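*Asks:* Single-letter residue listing:
Protein chains: 2
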Amino acid sequence: MQRTMIFIVSLFTLLLSYGCHAQTETEPMLVEKNSFTFTDYTTLGGEVIPEVTVGWESYGELNADKDNVILITHFFSGNSHAAGKYAADDVLPGYWDAIIGPGKAIDTNKYFVISSDTLVNAFPHDPNVITTGPASINPATGEPYGLDFPVVTIRDFVNVQYELLQSMGITKLHAVVGASMGSLQALEWSIAYPDMVERMVSVIGAGAMDAWTIMALEHWARPIRHDPNWNNGDYYDGEAPLTGVTSTLAMITQQAMHPVIMNLRAPKPEVLPQAALESVTNSTPVLDYLFASSATRAPLADGNHLLYLVRANQLFVAGHNNDLASGLAKVKAKTLFLPATNDLLLQPYLAKQAVTELERQGKAPQYEEIEGVWGHLDGLFSIPSKAATLKAFIEE
Amino acid sequence: MQRTMIFIVSLFTLLLSYGCHAQTETEPMLVEKNSFTFTDYTTLGGEVIPEVTVGWESYGELNADKDNVILITHFFSGNSHAAGKYAADDVLPGYWDAIIGPGKAIDTNKYFVISSDTLVNAFPHDPNVITTGPASINPATGEPYGLDFPVVTIRDFVNVQYELLQSMGITKLHAVVGASMGSLQALEWSIAYPDMVERMVSVIGAGAMDAWTIMALEHWARPIRHDPNWNNGDYYDGEAPLTGVTSTLAMITQQAMHPVIMNLRAPKPEVLPQAALESVTNSTPVLDYLFASSATRAPLADGNHLLYLVRANQLFVAGHNNDLASGLAKVKAKTLFLPATNDLLLQPYLAKQAVTELERQGKAPQYEEIEGVWGHLDGLFSIPSKAATLKAFIEE
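Protein chains in written order, with the UniProt record's numbering: chain F, 1 to 396; chain R, 1 to 396.
Hints listed in this document are in silico derivations from the structure and should not be mistaken for laboratory results.
Careful, some of the hints might be misleading.
[Unchecked claim] Sample of chain F residues facing chain R (criterion: CB under 7 Å; computed from the structure):
no. : residue
1   : Asp-148
2   : Asp-210
3   : Ile-214
4   : Ile-252
Owing to the predicted nature of the structure, the values given are computational and were not obtained by experimental measurement.
Just so you know, even glycine gets a beta-carbon here, dropped at the ideal spot from N, CA and C.
Please construct the entire structure, taking both the sequences and the accompanying hints into account.
*Replies:* What follows is the structure in structure tokens.
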């Protein structure tokens with residue numbers, strides 16, 4: 001079976017790299033990042049954020065009736081850049097460029113596709129991210145909020161997107177589509193604003209966090225909280241907790257990937273490497289491979305923002321009201337769930353729970369699994385295998 | 001499918017609790033902990049440990065020919081206490097008591113079963129553990145070794161057990177049986193001393209660590225290394241890095257369990273719990289459930305010992321020589337591999353790799369998967385389902 005999987009991944013890698021090559025070299029869709037600000041946002045927890053600013057971008061044209069809108073909601077370590085390139089010579093396009101663009105599954109010749117950065121985005125220091133969170137300046141003090149920033153939930157992410165759409169006069173979503181944490185927002189949209197949402201697509205998602213996943217998420221928070229530089233969230237005048245953040249990003253990277261793909265990409269473990277035998281704190285090529293990219297990305301991230309994102313995900317129960325069933329009872333949209341068979345982070349049983357409940361309520365959720373060897377990342381890298389399913393769901 | 005699994009686990013829990021009840025209430029096998037010391041041990045890395053002391057215990061009687069010996073090698077967070085009770089009123093017997101005892105799969109009426117604590121055991125402050133590691137006194141300085149203790153490997157664990165057996169005049173093992181890290185030792189035994197080992201049983205095991213698992217293990221080390229009290233391993237005069245150790249133990253606990261069993265046992269996640277909404281550092285009942293037991297056990301563990309154990313596991317390639325194939329080429333024992341289908345920590349592909357290579361070499365490894373909902377812990381809690389397989393393998 002593993003040989004078959006290795007063959008399949010080789011095939012996928014080939015297809016993907018060919019696909020990317022063909023599409024990015026010929027005619028990149030150029031996009032620009034915009035900013036949206038509004039004031040006095042009251043969180044689900046009842047706290048007021050005096051000013052919220054988030055980035056957004058769009059692909060395709062809004063029609064006169066403003067009824068051709070598809071909202072894309074992003075994953076934990078992602079941002080609004082779902083498709084296209086900011087400049088023709090960008091190395092990579094947005095993460096779902098394979099399915100968003102002219103003539104693609106989410107067809108920008110037909111739809112106005114919009115995506116925004118969430119509150120407390122993981123990478124506030126990435127120049128392409130615009131977000132509001134603990135690293136933002138608290139107008140009351142002139143200093144970064146730190147842990148004074150209110151705890152926010154997936155519903156708050158949705159409510160901020162609602163404000164953005166309202167500001168553009170958009171009152172109907174042809175579809176909302178998201179992967180991973182984006183899937184939680186997509187489902188929450190269909191509950192918070194059931195009359196606005198016609199179609200909901202949950203990719204590598206869940207209806208509610210279970211105890212096992214809540215615990216798994218907590219481990220992402222711990223390295224940051226243990227880092228002495230974290231200083232109970234008050235570090236904006238000094239050194240950031242970058243070693244803790246690096247450990248957290250490395251953990252997310254490893255857990256989002258399936259062993260088959262990680263073992264293909266990482267260096268082969270050495271037998272009795274001298275450095276590793278000399279000290280338990282010495283690294284190895286395998287560990288260098290994992291930690292190097294995390295260390296590079298760490299300065300763009302913010303430790304507190306990661307803690308807030310962890311908490312937002314831990315608190316997710318679709319609808320945030322009583323239980324999953326009562327939340328799902330409000331859904332009016334057509335729904336499609338696309339978990340990944342080999343996902344080790346949000347395993348398919350989580351999507352199945354939502355599907356089972358929607359079926360029990362007499363709704364007709366669609367369910368298909370994404371096959372692949374990327375694990376959780378199949379929601380990004382193997383999504384072309386569901387392009388036809390997506391297109392049919394969105395256009396029918 | 002999940003409902004079926006829940007039914008199965010209920011059945012298992014019932015059977016297990018009945019089994020334990022029946023066996024421990026009637027006639028517990030009483031065992032005692034012994035200690036073995038020898039001097040000037042040279043590690044695989046070429047360093048000398050002036051004095052090594054490890055604990056051991058045994059069940060059954062050594063026969064006159066000393067050829068009825070079965071060695072049990074323990075898992076990462078385990079110790080020599082594989083079966084029986086130290087006192088009649090002990091709450092729990094040793095971890096594999098269901099399969100070790102008079103008339104059981106590993107029949108102490110026939111075999112002399114012996115188990116020892118490893119070097120750098122995770123819980124050196126557990127009064128029932130006797131081990132040598134970074135927390136031990138370095139005779140050269142009169143102070144704990146800390147990171148001056150040499151890095152040790154699974155082969156070193158095996159070599160220390162070899163010294164123990166030699167001291168008793170034992171030159172033949174009817175079988176060596178181990179779970180998880182114990183399975184690495186069992187396999188290593190069959191390569192380091194191929195003429196001594198007649199049968200090898202690897203439960204929830206691997207032939208070599210792959211990049212993905214080496215990375216997963218590294219995450220266990222990080223919370224300890226981030227804890228300011230760790231102080232680069234030099235903390236024996238001050239506060240131990242207990243918060244880091246607690247995070248590490250909690251991570252191990254969660255990853256060793258499958259979501260089905262964890263979700264059955266943990267509290268149900270609350271919807272919008274007030275404390276969790278007030279601060280990202282506030283806990284929830286789900287997190288309390290996970291961390292409370294880890295915090296209780298943390299003072300018995302040692303941060304440095306955990307780092308050394310992580311490194312020993314990361315360095316494992318059976319035979320520690322060139323590659324897995326050349327290691328396995330030395331195996332003369334009959335072999336049995338029992339991975340757990342739902343194991344998320346050492347997934348069955350790891351055991352399959354060793355089995356595939358042994359088959360390629362014309363040997364005849366036996367392979368069966370343990371079904372269950374415990375995940376990695378099926379190697380402990382669902383092992384009764386393989387009692388007949390084990391008994392047949394050991395006695396034929």
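*Asks:* Could you tell me which of the hints above the structure violates, numbers in ascending order?
*Replies:* 1, 4
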